[in-house]
Amino acid sequence: MRIRLKQYGEILTSRPAGREAALAMKALLRPAPGELIELDFDGVLSVGPSWLDEVLAALRAEYGRERVIFLPTKNLSVIESLKVIDP
Amino acid sequence: MGLKEDELPLAISVTGEVGNNSFDHNLGNWRDVPGCWFETQATGGWLWICVADRGQGVFRSLTRADPTIPNEPAALVAAFERTLSGRAPENRGNGLKFVRNIVVASAGRGLACRSGAGLVEYGRLGSVCRKELARFPAEPAGTVTLILWSLK
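In the order they appear, the protein sequences are chains H and Z.
If you count the first sequence from 1, you need to add 39 to reach my numbering.
If you count the second sequence from 1, you need to add 101 to reach my numbering.
Quick caveat, the hints were computed from the structure, so don't treat them as lab data.
C-beta atoms are modelled at their ideal positions from N, C-alpha and C, and glycine is treated no differently.
Among the hints, a few may not be true.
Said to hold, decoys possible - For the chain H half of the interface with chain Z, some residues (derived, Cβ under 8 angstroms), not all of them: (1) 48; (2) 52; (3) 54; (4) 88; (5) 108; (6) 112; (7) 114; (8) 115; (9) 116; (10) 119; (11) 120.
All chains, full assembly: derive it from the sequences and hints.
Written out as structure tokens, the structure is:
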């Protein structure tokens, strides 16, 4: 199941916004048992680690760490954010 | 002349993290004026970004999480170099480490941050930012961050 993060904005920053986005994602997601949750950054201009940390923490708590994965991206803000969140 | 395409996401992200800190660490604790001052200027091949607030300052915020931090300069270093948050026990405190990582990763970037008597700089252009900030008298509290980014 793919989450198109662009739906939450082109600039994804701040913990409060990340928390809200995570709540909205959880309300909408209906993954089958064992189905992967794919985070798709296509079309997103910039992501901050605070926003991403809130989203990841919420999704991993709900579905398990292994089921939440990232689709490949060249966006450096995503790559660098993940380095501090998932060192 | 503008930021390179792959650098724009980083500049936005860095600025966002610094700005968010103004709010995250001062909610309910503003001294007088809530919010932050945000200004950018592109001139002479450089992008200047300034974020300033009249909040409680980094020292007061971080000593809630670590009372052993001795003073304002040490608090600023901790803010940028340790995973520590004034919002403990929440699991957070990565934002300014991210900012520092980005700034030091390229020769065309720099940052200086002043909070009370503390003043730190990071990156090759950090000393330029520090020199600018040092032109103004230190406030007893509040935080100002100046970021410099090469557009060349």
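Supplied contact hint for residue 108 of chain H, tested at 8 angstroms Cβ to chain Z = 20 angstroms, violated
Could you check if residue 88 of chain H really has its C-beta closer than 8 angstroms to a C-beta on chain Z?
-> Hint on residue 88 of chain H: holds, closest Cβ of chain Z at ~5 angstroms, below 8 angstroms.
Hint check: is the beta carbon of residue 119 of chain H less than 8 angstroms from a beta carbon of chain Z?
-> 6 angstroms, holds
Satisfaction of the residue 54 of chain H interface hint, Cβ to chain Z closer than 8 angstroms | 6 angstroms, holds
Under the criterion of a CB-CB separation shorter than 8 angstroms, is residue 48 of chain H in contact with chain Z as hinted?
-> Since the shortest Cβ distance to chain Z is 11 angstroms, the answer is violated.
Once the shortest beta carbon distance from residue 52 of chain H to chain Z is found, is it less than 8 angstroms?
-> Holds, about 3 angstroms.
Should the interface hint for residue 112 of chain H be scored as holding, given a Cβ-Cβ cut-off of 8 angstroms against chain Z?
-> 10 angstroms, violated
Double-check residue 116 of chain H for me: the hint is only fine if its C-beta lies closer than 8 angstroms to a C-beta in chain Z.
-> This interface hint holds because 4 angstroms falls under the 8 angstroms limit.
For the hint on residue 120 of chain H, just tell me whether its beta-carbon gets within less than 8 angstroms of chain Z.
-> 7 angstroms, holds
Should the interface hint for residue 114 of chain H be scored as holding, given a Cβ-Cβ cut-off of 8 angstroms against chain Z?
-> Holds: closest Cβ of chain Z sits about 5 angstroms from residue 114 of chain H, inside 8 angstroms.
Does residue 115 of chain H pass the interface hint, meaning its C-beta sits closer than 8 angstroms to a C-beta of chain Z?
-> 5 angstroms, holds
Hint compliance for this structure: hints 1, 5, 6 are broken, all remaining hints hold.
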